[in-house]
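**Q** If you read the protein sequences in the order shown, they are chains A and B. Convert by adding 85 to the 1-based position in the first sequence; the result is the number in the numbering used here. Convert by adding 15 to the 1-based position in the second sequence; the result is the number in the numbering used here.
These aren't lab readings, by the way, just hints derived from the structure by calculation. Misleading hints may appear alongside valid ones.
As the list claims (entries may be wrong) - Cβ pair distances, simulated, as ranges:
{"id": "1", "chain 1": "B", "residue 1": "Glu107", "chain 2": "A", "residue 2": "Arg91", "range": "48 to 58 Å"}
{"id": "2", "chain 1": "B", "residue 1": "Ser154", "chain 2": "A", "residue 2": "Ala339", "range": "31 to 41 Å"}
{"id": "3", "chain 1": "A", "residue 1": "Leu93", "chain 2": "B", "residue 2": "Asp141", "range": "27 to 37 Å"}
{"id": "4", "chain 1": "A", "residue 1": "Val328", "chain 2": "B", "residue 2": "Asp141", "range": "43 to 53 Å"}
{"id": "5", "chain 1": "B", "residue 1": "Glu107", "chain 2": "A", "residue 2": "Thr278", "range": "45 to 55 Å"}
As the list claims (entries may be wrong) - Here are a few chain B residues that face chain A, going by a calculated C-beta distance under 7 Å:
{"id": "6", "residue": "Thr68"}
{"id": "7", "residue": "Val86"}
{"id": "8", "residue": "Ala90"}
{"id": "9", "residue": "Arg93"}
{"id": "10", "residue": "Leu98"}
{"id": "11", "residue": "Gly100"}
{"id": "12", "residue": "Tyr102"}
{"id": "13", "residue": "Ala104"}
{"id": "14", "residue": "Leu108"}
{"id": "15", "residue": "Gly120"}
{"id": "16", "residue": "Leu121"}
{"id": "17", "residue": "Leu124"}
Beta carbons are placed, not taken as given, at the ideal position from N, Cα and C, and that holds for glycine.
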Amino acid sequence: MTEIHRTLTDLQILIVRALRLSLRNVDGLITALMLPPMLMFVFVYFFGGAIHTGGRYIDFVVPGVLLVCVGFGAGTTAVSVANDLSGAIVDRLRSMDVRGESLIAGHVVASVVRNLVSAALAVTIAFAIGYHSHADAAHWLAAVALLTLFVLAISWFAAAIGILVRSPEAAQGITFVVSFLPYPSSAFVPVSTMPSWLRPFAANQPVSQVVDAIRALLAGGSGAGGVGSTAWHSIAWSAGILVVSVVLAGTLFARRSG
Amino acid sequence: MTHDCAIEADGLRKRYGQTTVLDGLDLRVSRASVMALLGPNGAGKTTAVRLLTTLTTPDGGRATVAGHDVVADPASVRRAISLTGQYAALDELQTGSENLRMIGGLAGLSARAARARAAELLERFDLVAAGGRRVGTYSGGMRRRLDLAASLVRPVEVLFLDEPTTGLDPRSRIRMWELVAELRAGGTTVLLTTQHLEEADRLADRITVIDAGRVVAEGTATELKRRAADHRLELIATSPDAYMQLATLAGELAVAADPAALRLGVACDGGAAAVRGRLDELDPERTLIDRFELVGASLDDVFLDLTAKPTPTGEPSDD
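Extracted from the complex, chain B is given alone in its bound form (with noise of 0.2 Å):
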């Protein structure tokens, strides 16, 4: 076991009846670092972090967290970790405060201690004026940062964000991403689960894309998007028979699919020979393609390329 490593799983397995929710997976988390774990909805990332914060217990595998073995010695994993659920974790019918300090006393904290901890909190995450008023009465973005900091009510070494800006609005989501960054900076492990790559080249250090339970592809931005096809042809279709057609043609090159606008996206480096290499070998009659561009590859090519198959001939499926 090695120490640089905050979190560490290996070949974690976990079925819920007929499903298999994760199949092998495999992580390494450096301390002081941001993971991202990126997958479509369904891929396993909320399983991976119940199974690391001792919610639930693997079907096969092993993992530590900070250390700990997260099924021998569950009690001093949670002394180490926090988690910010996908949810609020949070009384409705409770002010932030009273839930600030309720939290703090239950990390343990006196009863003055938790007073003064709650006060340092509100004001840390702009909820000093809302601090007084029910959480009933909160936005999602303030439920959010409220949350969060119930999280950081004591010192944590590894915390976990379970899809920390789903549903917040995009001032919200900037500033949830701004404290991420304060917590990388101030030395926290942090693992996130999001289904946005923009979020997870944005805040991670390094991203792991699992798809259907295991990993598919590890590391950090650049490299990913290395990856994938430098550059991407959009081809836009004649007429919707021409579309299929392109589609059969292009098989396993079609690397982005919009069948509704007629766009089909392929794999190509971009340079002119191989332009004209693709329009020739797919459009030899030259009545198919109308128009094309040529797209630089984004985090969102490496993704579905990794995650999904692509579905050049039906509907993307976007679940």
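This is chain A alone, in the form it adopts within the complex (with noise of 0.2 Å):
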């Protein structure tokens, strides 16, 4: 059996452990499948009323509701690795010739899977309640592929934390910061309604490039400025959160494992 042969089959049945795990961890789950709806809900009738953003508040939050929950799938995410590593389970595997890479993967595809059910789950549900879209398949293949990218990035950024943190606790305390990015940004208000000082950073930290590009692609590519630089920014974002998380997540597991 070759080497890369080996690798792949490790990665499958440790992908195949950490779904299971996912589906049976009722944190997890709970979160996954309760946290759309009631975002969904929240912002909507809650809050959705006070809001005025040019258009139909739906139509304008759903984007921002997607993230959100993709936000707090990262915390399920850290924690399950800070829980691999601080057992005894990571040394089995390193005793066996197994790659730590392997064992972080299977959490980060895993990771992936649920987030985008859990957005499935969302976008679902807004469709349920009045949400209209003017996008073509092109355009929604579009918008799951940047969201798939963005779920990846955050994915690899919250088994990274998990890595570096020793505790369960404490990887979620930190990825609390992840679920709080889509707040000061153009997900829920038009950062032009935020203060001057706020505006620079609402408008251009990732979470904003990722929902404004999902934004105008479900508007049917119109949207305030196209799609096309938005779209651009996003995958850089992502695509450089993902370089930097699988570096550093592989930086400290050899470094942990010294």
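The two chains are supplied separately, each in an independent frame; assemble them into the complex guided by the hints.
**A** So this is what it looks like as structure tokens:
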């Protein structure tokens, strides 16, 4: 058996494991399944009446809700990774010559699947309560691709946090920052309504780029300023976070094992 | 390098920050034998296991396991060994059978072979009924058995067991001992760590006693017992004051101490003349010693003798 074949087999086994653990982890499952409907109701029915964005608020807010769901999902991923690394399982796998990257990648893939299911649920509920999209199949595909890339990046980032901190509790605490990031962004209100000192950050941070791009795509490619530049910015941010997180995760894992 | 040695370590050193955990550890374990690494908490047992299983690298010295150098060729070492750590390396949210099948797959078995092997191991470790239940519902003894089973999914030359019975009830401990004895009978080399002399005495062909990161004694249980005083004279003092005087007089002779019970154990060969001599030597006025008992040496005496400085005038440190 070649080295690559073995690594792929290990990866497949560890992905199945992480997905199985996800399905049986009640906390994570509740977060993944309950959060989308709750957030959708909160923003559309509770806050939506008071927020004016120049159109129907539900059409504005859907991408933002997707990103909040994804942020919370990252917390679950960081905790799973921290759990594995604080336990004995990582020693067993290393003593069996299983690459640590496979263990982490298993969690990341499970995280992407979990978060995309969560996002799909959020979109389904959005349609059920009156969301309209002018997007065609190509726009949807592009929106899904942008979201998937961002979810992948955030999942690797969460995994790196899980390796960095020693305890699952601390991992949960740090990923709170990720869950918070959609608020000072264009996710829920137009950036132009924010105080001037906050606007440069709010307009340019990664969540805003991803939200703006997805919003423009789901609006059928019209949207303010079109899709073009925000989509590229979104890809650049996600790719950047992804590369930094993968390198960071690898370095931290190697250092921990010294 | 001699090929009848499954494990060979010379002068292994490891520091964590300012703390020297291993200070030149030497170890020889023959093939198909059981070696117990015996020592108090913090002696360096787990670190020794981590170095030999390639989980961490030494700061100095060298070691080979199954003929492969742990630093130069860790991949070959890993293919020849299995590790059962102090804490069960299992997923609580997976069933026993799922855990074993996962490990089997990672060990290179096909899905079908992994399933067959899992069934076989569940049978052998009395876990057939529990195989379909999540590990989270298992007792401590069942977890340890499953963890050991997971170590045996593929054939191994050298098995490392880090404190295999810590935290187990007596029945589970005895079952674990039987399993280790079966492995030895099957020709597996086993290195186990323990703080329990009874365990080392019962399971191991040879015992290496370590303390503060170095070897303080090595031999069979019988050889080690012979090294300590054959007998120990247990003196029961008449009062706490008398106890203190006795402890001071006995000095280096003291091999065991229990200040609360006013008991002080001193080395003695057990002959009538020797007993009389010791009593007179330590209590010429015949006022300090109330009663005495003559006790045959146990491995405990050897252990205390070799690892801990007796603390006859204070509380014995129990860590």
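**Q** For every hint, state whether the structure bears it out.
**A** Comparing the hints with the structure gives:
Against the hinted window of 48 to 58 Å, the Cβ-Cβ separation of Glu107 of chain B and Arg91 of chain A comes to about 27 Å, which falls outside the hint. Roughly 37 Å separates the CB atoms of Ser154 of chain B and Ala339 of chain A, a value that falls within the hinted 31 to 41 Å. A beta carbon spacing of about 35 Å between Leu93 of chain A and Asp141 of chain B agrees with the range 27 to 37 Å that was offered as a hint. A hinted range of 43 to 53 Å holds for the C-beta pair Val328 of chain A and Asp141 of chain B, which are about 50 Å apart.
Separated by about 48 Å at the C-beta atoms, Glu107 of chain B and Thr278 of chain A satisfy the suggested range of 45 to 55 Å. Residue-level restraint check for Thr68 of chain B holds (minimum Cβ-Cβ distance to chain A is 5 Å; threshold 7 Å). Annotation: interface hint on Val86 of chain B violated; nearest CB of chain A at approximately 13 Å, more than 7 Å. The interface hint given for Ala90 of chain B holds, since its Cβ lies 6 Å from the closest Cβ of chain A, which is under the 7 Å cut-off.
This hint holds: Arg93 of chain B has a C-beta 4 Å from the nearest C-beta of chain A, less than the 7 Å allowed. For Leu98 of chain B, the interface hint holds, the least distance from its beta-carbon to any beta-carbon of chain A being 4 Å, beneath 7 Å. With a least beta-carbon distance of about 4 Å to chain A, the hint placing Gly100 of chain B at the interface is held under the 7 Å criterion. The beta carbon of Tyr102 of chain B comes within 4 Å of a beta carbon in chain A, closer than 7 Å, and the hint placing it at the interface holds.
At a threshold of 7 Å, the smallest CB-CB gap from Ala104 of chain B to chain A is about 4 Å, leaving the interface hint in force. With a cut of 7 Å, the hint placing Leu108 of chain B at the interface with chain A holds, because the nearest CB-to-CB distance is about 4 Å. Hint on Gly120 of chain B holds. Least Cβ distance to chain A is approximately 4 Å, under the 7 Å limit. Because the closest C-beta pair between Leu121 of chain B and chain A is about 5 Å apart, less than 7 Å, the hint holds.
This hint is violated: Leu124 of chain B has a C-beta 10 Å from the nearest C-beta of chain A, more than the 7 Å allowed.
Checked against the numbered hints above, the structure violates hints 1, 7, 17; every other hint is satisfied.
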